[in-house]
Amino acid sequence: MATGALSEAHVAARHRANLAAFVLRARRVEAHSLAADWDALVALAGAPYSVTVLENGEARFRQDFPAEELVESAAARIRPLLLETDACSYLKALAGVGYFCRSMPDEKKWVKAARAEWRARAGATPSSEIGYQVMIGNTITGQADNLDDQRLAMAWIYGDVVHHDSERLKETDPFGLSERFRAAVPLVAWVMVSAIELLNYVRVLQSAGVLELQPELFGQEVVLKSTSWEHTGRVYSAPVGTPAPANALAPIGEGWTPLSTNAVLQRADD
1 MATGALSEAH VAARHRANLA AFVLRARRVE AHSLAADWDA LVALAGAPYS VTVLENGEAR
61 FRQDFPAEEL VESAAARIRP LLLETDACSY LKALAGVGYF CRSMPDEKKW VKAARAEWRA
121 RAGATPSSEI GYQVMIGNTI TGQADNLDDQ RLAMAWIYGD VVHHDSERLK ETDPFGLSER
181 FRAAVPLVAW VMVSAIELLN YVRVLQSAGV LELQPELFGQ EVVLKSTSWE HTGRVYSAPV
241 GTPAPANALA PIGEGWTPLS TNAVLQRADD
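Here the sequence shown is numbered in my numbering, starting from 1 and rising by one per residue.
Misleading hints may appear alongside valid ones.
Straight-line Cα separation of at most 16 Å, EDC-like style, residue types lysine to aspartate or glutamate; simulated pairs [to be verified]:
| # | residue 1 | residue 2 |
| --- | --- | --- |
| 1 | Lys170 | Glu197 |
| 2 | Lys170 | Asp160 |
| 3 | Lys112 | Glu30 |
| 4 | Lys225 | Glu72 |
| 5 | Lys170 | Asp148 |
Just the calculated beta-carbon pair ranges, DEER-fashion [to be verified]:
| # | residue 1 | residue 2 | range |
| --- | --- | --- | --- |
| 6 | Phe218 | Lys109 | 31 to 39 Å |
| 7 | Phe218 | Asn56 | 22 to 30 Å |
| 8 | Asn138 | Glu216 | 18 to 26 Å |
| 9 | Thr141 | Lys225 | 24 to 32 Å |
| 10 | Val222 | Thr141 | 47 to 55 Å |
| 11 | Glu167 | Trp256 | 39 to 47 Å |
| 12 | Asn138 | Ala13 | 51 to 59 Å |
| 13 | Ser103 | Leu224 | 35 to 43 Å |
| 14 | Asn56 | Asn200 | 20 to 28 Å |
| 15 | Ala144 | Ser207 | 16 to 24 Å |
| 16 | Gln143 | Arg60 | 20 to 28 Å |
| 17 | Leu177 | Val222 | 47 to 55 Å |
| 18 | Val235 | Pro174 | 26 to 34 Å |
| 19 | Glu216 | Leu177 | 18 to 26 Å |
Worth flagging that the hints you see were computed from the coordinates, not collected in a lab.
Keep in mind that this is a model prediction, so the values were computed, not measured.
In this text, a Cβ means the ideal position worked out from N, Cα and C, and glycines have one as well.
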């Protein structure tokens, strides 16, 4: 019995650690500027486009997406959620929710549906029934290529942005950067939406006392609101090679002298 109890405690601790990592990462995703307008983010996840039928019978398709640099920063924030080996991964967090809600039928049903949807849209082998196919052909050479939007999207994330995956780039090279980006934007937005929805679900379960995570996880700083700093302190100088203090609480030590106001003014003039 003791061994089983220890094993159960170990499993619970592991799931709480993964959920804690997810909460911090998901809150960082939630704080991204793309998530400021929730309705716009949800719409972006649906790969919106407009179609205009011309008088000659042709159709004109148009898509307007955010600037690539903005989507890049969002992709960097969501990337660990895609990696099943990372502690903060979406699927690990979902597994944690499932573990603590294993005796709650409605919650178990929600977790099962969320897992199936994630694997269909963002998994290693996405569903062929979701998304779209891009087909191109060269009438001169006769070469034809065909790729789904998920592989194009992952090539942008792992080839153009957070890594330089040569194999992914080589596979998608005939389609070009624009097709990779067009496929990636809805996926990035969809992952953001899924992460924030799961984060809110975790908040509800935490408030109900189901998860027992550390409360500070939901309030501690996860993004910088200012990148300007001003501190008050004292400035010391010493000849090169003078031993530094052992730590922040240790005495300054011999060889270190306070920098005077006159010396500071003199350096500013220089």
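Hints and how they fare:
1. For the proposed pair Lys170 and Glu197, the alpha carbon gap of about 35 Å is over 16 Å, so the pair is violated.
2. A distance of roughly 12 Å separates the Cα atoms of Lys170 and Asp160; the hinted pair therefore holds under the 16 Å criterion.
3. The suggested pairing of Lys112 with Glu30 is violated, with an alpha-carbon distance near 23 Å, which exceeds 16 Å.
4. At roughly 19 Å between alpha-carbon atoms, Lys225 and Glu72 are farther apart than 16 Å, so this suggested pair is violated.
5. With a C-alpha separation of about 15 Å, the suggested pair Lys170 and Asp148 falls inside the 16 Å cut-off, and the hint holds.
6. Remark: the range hint 31 to 39 Å for Phe218 to Lys109 is contradicted by a beta-carbon distance near 25 Å.
7. Phe218 and Asn56 have their C-beta atoms about 57 Å apart, which leaves the hinted 22 to 30 Å range violated.
8. Between Asn138 and Glu216 the C-beta distance comes to about 58 Å, which lies outside the given range of 18 to 26 Å.
9. Checking the proposed 24 to 32 Å range against Thr141 and Lys225 shows it is violated: the Cβ atoms sit about 54 Å from each other.
10. Checking the proposed 47 to 55 Å range against Val222 and Thr141 shows it holds: the Cβ atoms sit about 51 Å from each other.
11. Between Glu167 and Trp256, the C-beta spacing of about 54 Å breaks the proposed range 39 to 47 Å.
12. At about 57 Å, the CB distance of Asn138 to Ala13 agrees with the hint of 51 to 59 Å.
13. At roughly 41 Å, the beta-carbon separation of Ser103 and Leu224 lies within the given 35 to 43 Å, and the hint holds.
14. A beta carbon spacing of about 49 Å between Asn56 and Asn200 contradicts the range 20 to 28 Å that was offered as a hint.
15. The given range of 16 to 24 Å is broken by Ala144 and Ser207, whose C-beta atoms sit roughly 55 Å from each other.
16. Hint check: Gln143 to Arg60, Cβ distance near 26 Å, so the stated range 20 to 28 Å holds.
17. Between Leu177 and Val222 the Cβ separation comes to about 31 Å, which falls outside the hinted range of 47 to 55 Å.
18. For Val235 and Pro174, the Cβ-Cβ distance of about 59 Å falls outside the hinted range of 26 to 34 Å, so the restraint is violated.
19. Here the CB-CB span from Glu216 to Leu177 is close to 42 Å, at odds with the stated 18 to 26 Å.
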